[in-house]
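Asks: Protein chains in written order, with numbering that gives the first Met the number 0: chain A, 0 to 325; chain B, 0 to 326; chain C, 0 to 328.
These aren't lab readings, by the way, just hints derived from the structure by calculation.
One or more of the hints may lead you astray.
[As the list claims (entries may be wrong)] Think about it this way: if two alpha-carbon atoms lie no more than 30 angstroms apart in a straight line, the pair counts; the simulated DSBU-like pairs of lysine-lysine are: (1) A:130 - C:277; (2) C:205 - C:277; (3) A:244 - C:71; (4) B:216 - C:18.
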Amino acid sequence: MTEPLLSVRGLTVEFPTRHGILTAVEDIDLDIMPGEVLGMVGESGAGKSMTGNAIIGLIEPPGRIARGEVLLKGQRIDNLPPDEMRAIRGRRIGMIFQDPLTSLNPLYRISDQLVETIRTHLPLSRDAALKRAIGLLDDVGIPDAARRIDDYPHQFSGGMRQRVVIALALCAEPDLVIADEPTTALDVSVQAQIIEVMKQLCAERGAAILLVTHDMGVIAETADRVAVMYAGRIAEIGPVRDVIKHAMHPYTAGLMGAIPRLGENLDRLSQIPGAMPRLSAIPQGCAFNPRCPRVMDRCRVDRPGLLEPVPGRRVACWLYPEEAQA
Amino acid sequence: MSSQDMTPAPAPGTPAPVAPPRPTGRLRRMLDSDIFYSWKRSPVTVIATFTALFLILMALMAPLIAPHDPFNPASLNLMDGFTPPASASAFSDNWFLMGADNQGRDVLSTIMYGSRVSLFVGFMATLFAVVMGMGLGLAAGYNGGMIDAVIMRVADIQLSFPAILIALLIFGVARGVIPANQQESMAIWVLILAIGLSNWAQFARTVRGATMVEREKDYVAAARIMGVHPVLILLRHILPNVLGPVLVIGTIGLALAIIEEATLSFLGVGVPPTQPSLGTLIRIGQQYLFSGEWWILFFPAMTLILLALSVNLLGDWLRDALNPKLR
Amino acid sequence: MSGPLLDVRNLSRRFDVSKPWLNRKIEGLERLYVKAVDDVSFTVNRGETFALVGESGSGKSTIARLIVGLLKPTAGEIFFDGQSLAKGLNGAEARRLRRRFQMIFQDPLASLNPRWRVTDIIAEPLRVFEGGMADRERRLRVGELLTLVGLSPEDGVKFPHQFSGGQRQRIAIARALAARPEFIVCDEPTSALDVSVQAQILNLMKDLQREFGLTYVFISHNLQVVRHMSDQIGVLYLGRLAEVNSAAGLFAAPRHPYTRMLLDAVPDIEMTGRGRRKVEGEIPSPLSPPPGCTFHPRCPLANDRCRREVPHLRAGVACHAVEEGRVPA
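Can you build the whole structure from these sequences, using the hints too?
Replies: Shown next as structure tokens:
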């Protein structure tokens, strides 16, 4: 078995506030294999973006990584000084955010931004870097790339801008791309194109993707494995097809039932009562217990860790035996 | 978290009607606690608050606590003139903490009475500017078009002159219009009008901007769909939501109005000499600065600085505390 | 009592996006208009849900605002229960009409006045339409409405920011229902909500529709949601209706090439591996729409006629290729 590209162990992110310490992300364990697409799905406040940001060292103070470690190819990166972390971001981990304008400076031409990023990370001359940049824009499907590279970000449509961001994320040949809601701001028809481009380019370059999104549909289209997050913890993690078709955690099952489908028209959607708890009021025991249709006494007291009842699938729920069967 | 987060969708049916409880004061206090917290956390603001409160209380209670009555000719002794601070007059038994001025008036007492005039003019002028600016700003922001263009161009023109120049102009015009025998009694109101009129534009601008933002929000659309009258939409919906920034610039505007009043009085066009404000006192004092009687200028000037500074600091803090982005 | 409650005829709306007068004069520019809605006609039957679906720039929200009178049409008419709305609403008759329709917005936080308590927010329609109502009676009604949407009467004293997104949308629904309207325009009512909360709100809206016989115009970009909620669907592209059909018909047999493309773009959550065509191109800028059929640059079936001539809605679809029988099954 190959070594994971990225390992996250016991990652916990806390925010001290005047009302006490809030735990936004708690005890996250996950591995991303080289070339793998790991989806991370959850509703707002589930801590999915926070996890992505913690991995690349972008937690805004006063938030802090309280416990745990992040290893990139076996090397710890969560405790690196800021300038070393900055070198890793972009060079070894590329980033794609929801709003392309957080990655693109509106005052500079696309060519300047691409060339600068390429030359920061790779020992290339200006001309070579420019050539590479044009090639990248071609790859992400920007028509007439050689001419359009001298345009400013506002001269591109939303979808084209996100393509430029993908080019920017890939320009130093990173091992891992973290994509945080990359298609949320886009129309459905454009979303399909962007997912396709992202998936294809990463596959060609052997880059793994951590895809953070609230949209189960995007996950189903893109990811190999998926981690379902709830109230700052991983509820369930496993191969996409298994999780979608045979959810183990009652939250995942509820979530899947709540999504309206094109193929059928049910009179009522199945719904999970209530809403995700606020960080300041996460219930004792399993965070999902007040909303869970299969809640047991134990769920109200003990918080379940990630168990592996079936090889390759881990779930944080007391419904399953604590020891793996295999 | 609210307990209602757990409520499932209702089963259609007719539950026994229950009216919502009436709001309690406790909620209000809870709501304000964030502001209180940020106040407590800022020592500068706490000091500024107490300084401002002290000066305002001193001004309000001047007739009760002032050691002398500087405007009662019977209690004045010209021979007490120029008594230095913290000493007794050589001619009477009167003792002066901050010394006495050229006419033998107690400087501390004149400051107390002078702050009264300064604060009264400042408050009234700011109130006038707020009401006028807010009214015009709401009208301009909500209606847009011609009304907006006219109001805002007038504001632009006014803002391109120094406020003091406009106040002087209005003051001059008022002098010409008001009959001579009423000038003395009207002087303070003319001053309020002059300062108020010279400051409305910034309120109008701020309120117009905030109104244009609020106007586009869906809660206004919801009211418009119901056919709520535009004036009611402005007063009930938009006005409460634009008060925050008005409070901030109103506080800073108060400090400016106090300084403006002092400037006008210093120039001799402000309040009549029978009702000296801090500015008048400074004008009197500066004549004696170079002859060594520094206290006649120093103490009123320090009071003015303290007053303006503490009010300004309060305004600064209020701006940060009400800005959700900085929280 | 069946028959259309809402009849929209040849509705058009353009927006003036010209630069300011001075800039136009100095730079020698013409006035510039965007056709946000162009010649749109449809009818909505009583007790049914008519969905308008489209991507950005399709004009769906503009149509919503035209229907409820927040915008005035440039051309065309809107009839509500036989009475024209487009003439502008005034007087006592207008009050009676306004009472019968309401709107629910996308962002529930923006649609609730942050300085008002929930009781006052929900009571606003009652104050407007039932001025004679006693205070106590009004408060009872608010309590009843809060219970109806799954909140509790005690929530009335709170402010909107004290609620979660889903609860805020429940409050907005309670306000919409306060004056007992028959017709509600819902503009992306669940787009700002999480899936599990979306399911709650959609179920609630369906329950209320059944209980009170409500008629909805439901605006959304989400095809799955539209499929779940609606009886009739109109597909909009750049301000024009591309196709109108029953929900079942539209999803079973989409006719317009754009509808087909949209359906193909929806992520395949069932993971059936259904065959899908790749989506081509992007939505053109509404500032300079293509001539002829605005979809022609992205359409695999476009010919010269499509590039020249604007197709009109015939038998539920506006497409030359469909008319000429050039569409493969």
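Asks: A separate judgement is required for each hint: does it hold in the structure or not?
Replies: Going down the list of hints, with the structure as the test:
{"no.": "1", "hint": "A:130 - C:277", "in the structure": "holds (29 angstroms)"}
{"no.": "2", "hint": "C:205 - C:277", "in the structure": "violated (34 angstroms)"}
{"no.": "3", "hint": "A:244 - C:71", "in the structure": "violated (49 angstroms)"}
{"no.": "4", "hint": "B:216 - C:18", "in the structure": "holds (24 angstroms)"}
The earlier numbered hints that this structure contradicts are 2 and 3.
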